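Quick mapping for you: the protein sequence lines, in order, are chains A, B and C. Here this note's numbering is used: position 104 in the first sequence is 104, and no number is missing along the way. Here this note's numbering is used: position 41 in the second sequence is 1041, and no number is missing along the way. Here this note's numbering is used: position 108 in the third sequence is 2108, and no number is missing along the way.
Check before you lean on any hint, since a few could be wrong.
[Claimed, not checked] Below are the DSS-like pairs computed for lysine-lysine, each with C-alpha atoms no more than 25 Å apart in a straight line:
no.: 1; chain 1: A; residue 1: K203; chain 2: B; residue 2: K1272
no.: 2; chain 1: C; residue 1: K2140; chain 2: B; residue 2: K1143
no.: 3; chain 1: C; residue 1: K2140; chain 2: B; residue 2: K1272
no.: 4; chain 1: C; residue 1: K2222; chain 2: B; residue 2: K1143
no.: 5; chain 1: B; residue 1: K1072; chain 2: A; residue 2: K203
no.: 6; chain 1: B; residue 1: K1072; chain 2: A; residue 2: K212
no.: 7; chain 1: B; residue 1: K1216; chain 2: C; residue 2: K2140
Simulated from the structure, these hints should not be mistaken for laboratory data. Computed from a predicted structure; not experimentally measured.
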Amino acid sequence: MAAITPSEPVSTSTQEIHTKKMWKTLVGHVPISSPFYQFHPVTRLYLFVFLGVVPLFIFVPEINFLLVLVSMALMLWGRADLRGLRIYAPMVVTVAIFMFTVVILAPGKDPTYTPLHMSLITIYYQPVFFTFAAYWRLMAMLSGTILYFSTNRERDMLVALRAVRLPFVASYVIGLSIRAAGMFMEDFRTIREAEQARGLDTKAMRISDQVKLYVMYLVPLFSIALRRAEEISNALFARGYTVTGRVKGGGQRRDYIRSLYAIRTRDVIAIVILISLFVGAGISNLFFNVFVITDSPLNIYLRGVLNIP
Amino acid sequence: MTALIEVTNLDFTYPDGTPALFDINLTIRQQEFIALIGQNGSGKTTFSKCLNGLFKPTTGSVNIEGIDTRDKGVIKQMVTKVGYVFQNPDHQLFNQNVHDEIAYGPRNIGLSKEKVEEQVAEAARVAGVSKDIFSEHPFFLPKGVRQRVAIASILAMRPNTIIVDEPTTGQDMRQSVEVMNFLRRLWKEEGHTIIIITHEMRIVADYAERIVVLGKGRVLLDDTTRKVFANPDVLRETFVEPPQITRLSQSLSEYGLPHDVLSVEELVAAFKK
Amino acid sequence: MSEVVVIQDLEWKYSNTKEFALRGVSLEIEENSFVGVVGANEQGKTTLISCINGLIPHSHHGVYRGSVQVFGKEVREQDALELATNVGMVFADPESQFTAMTVEEELAFGMENMGFDLSKIREQLDWVSDITMIGDLLDKSPYDISGGQKQRVAIASVLAMNPPIIIMDEPTSMIDPLGKQFIFNILRRLKEAREHTLIVVEHNIEQLASLSDQMLLIHEGKVARMAPPAEFFDDPAYLVERGIVAPEVTEFAYRLRELGQFSADIHLPLDLDNGIEITKSVLDRQHS
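Pulled out of the complex, with its shape left as it was, chain A reads as follows (with noise of 0.2 Å):
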């Protein structure tokens, strides 16, 4: 009989790579490929945090709107999965609920503030416009985290944290636990499953249960997270690992993974350009009290109409 030898089809799975459009990544996918590629992944780190920290300086909800508007755009011109967006709208709306709930009932006391008599409640204006701000920029570094996770994969977050000089050790560190991650996701679905094998129908449950729950999953995820500790630790010394990230021969240790991108003129510019916008804005806010709420026009208007001071 012959031998099955290794140069026939593998399995369904190989033949799936080269139809697939994404790529499975610890949080969503990333699309195979885009135009965000072009660019080495430190720069697509830079825009991460610009994204991400420059509506801290911004309290305009307009301006922070319009940065949301931004990442999603960048989103559509970087072909990432624009459907995974529903899996946030929950957060999003959930996030307004509480936020406005809480400043209508307990909106604080201070003489400044406008009352405006609704027909049941008194709401205050002032509270509620800073709520709505703060709330943009919410989005606004929401949405730039989300940008950066649907079209960056954990091997080009590692090379731009190598890129930027991070010691080998600490990205190292991150990487392991990035797959940590992943493992204890995957065991968290089985312990589900194996929960509901024997009779837990949590669709029935009531809330306070569903919480005990997630204490009682603690037990085998954390026993399983020990037992695989070890094997990873003996994984490591295998490899000749040292924390040090020290080499035989006591050379350079050589970055093979970052040796495969290269840093070219766009990267620069669009880092230069990242940088002074970034700056621009920190210096605006900071020393000039420019992006402040009360330049938001909607702010003016609405002062106007109620007639607010």
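Chain A is already provided as a structure; the job is to place chains B and C on it using the hints.
What follows is chains B and C alone, placed relative to chain A:
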């Protein structure tokens, strides 16, 4: 024999759009010992999870002792009919001690306290879990014992059908024989239907009565163990090889040796003739 | 031929157990040979190989007596880097030995530790992805591929570092038959190239028997038997008592020899082809 599980025109597609099973029709009867075999990615695990309602059919139906798995709120009824033992016992041991572990299922299905204790004692006895370790934490037990606790925790719900995912993976010969003999006893003496998912053909030849071969999400062969292994050409397409001794006998058919031996014993006997 | 591993009177006890796991092991392994290691679980197989790759005593605490030399130097006195240069290790669970986010990084990681320069890394990467047939996986995430593919990546990442000794601890125990076949084909190629010393722990006795130059049975922390496979399987009762069954063709020939159907001086077959050949010759003689 009465039918326990009736699978009709089953298709299954994962929520992310990956199709996994196509048009499966199958009847599983009382007191059968079935081996589910096929390559990884053939749909074995997906199919087995449809058999206990963990996965719901995309189209078609799975009927377990009169209950359609697509109906709402039937989880509790279903687990008393089909038990599922996961490959890694660590995934299904989440209680603080062995007793609570075994009692977890019966408590979930809302049995009275006495009934829970009765079924726990019975399951522990059958699975060979000593009462002396009832207060120990499952995490600190050796792997073989953890597996027995996992099986006991399923038995305690008294399901008619028990599905065991790779019962012998990572076990040595003696441990494999022990767990397989135990499953055989559940089948023969206690009247359970046993379904194992495995890659080890020697185990299949020694224990299973019926083989279901899956490939690319379809049932390729479904027959008695002897007949399936006597059919090496179809098997080869699924990358499954009969046991070595079967292949030896088949290669010598020109000398009148049978096509369907399942063990060294049988071939020695045939040879003597 | 020279010995690359020499173990003398090795005893080892883990600090958290009462009993010694190894109780006086002495053996020698020849350069570029293939050693198949078998034995029931918990008898000391994994402990023994941990003593060769240095996990014992470097990563475990316990009582260590006797000597383990790799290339003439005590394992105790070598550091992780030196050991990894000499001894590569493939574990049973491929998933748990991955440390990187893509297959390519996984392969590069060990080589970077070895201090290879970039051109050497590139060269090794090509060679190793070819021999283990993972060229089309390099860009993928190690958790997005099948079990068999994972194990091939694990083997590739060790081969890439080019250690003269490679140890594998049950490399096929977690994968399906086709995946297993791939791994054994890789092992066969490596064996035929005779450029590495291979020490393989494996439950799949049928494949192991036909690959091994020497079979090693570990029982109760001791070497119960170490011999070329044909000799190794010549006393099945002894092996069964220690939890090992011979390949079915071997057992079959042995049984017929006991019954006087096969002559007493036949060489026991170790694989199917060999078994067919021997049985045929006996049958032919009977017919004529």
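Against the structure, the hints come out as follows:
no. : hint              : in the structure
1   : A/K203 - B/K1272  : 63 Å, violated
2   : C/K2140 - B/K1143 : 33 Å, violated
3   : C/K2140 - B/K1272 : 55 Å, violated
4   : C/K2222 - B/K1143 : 23 Å, holds
5   : B/K1072 - A/K203  : 10 Å, holds
6   : B/K1072 - A/K212  : 24 Å, holds
7   : B/K1216 - C/K2140 : 22 Å, holds
Violated hints, listed in ascending order, are 1, 2 and 3; each of the other numbered hints is respected by the structure.
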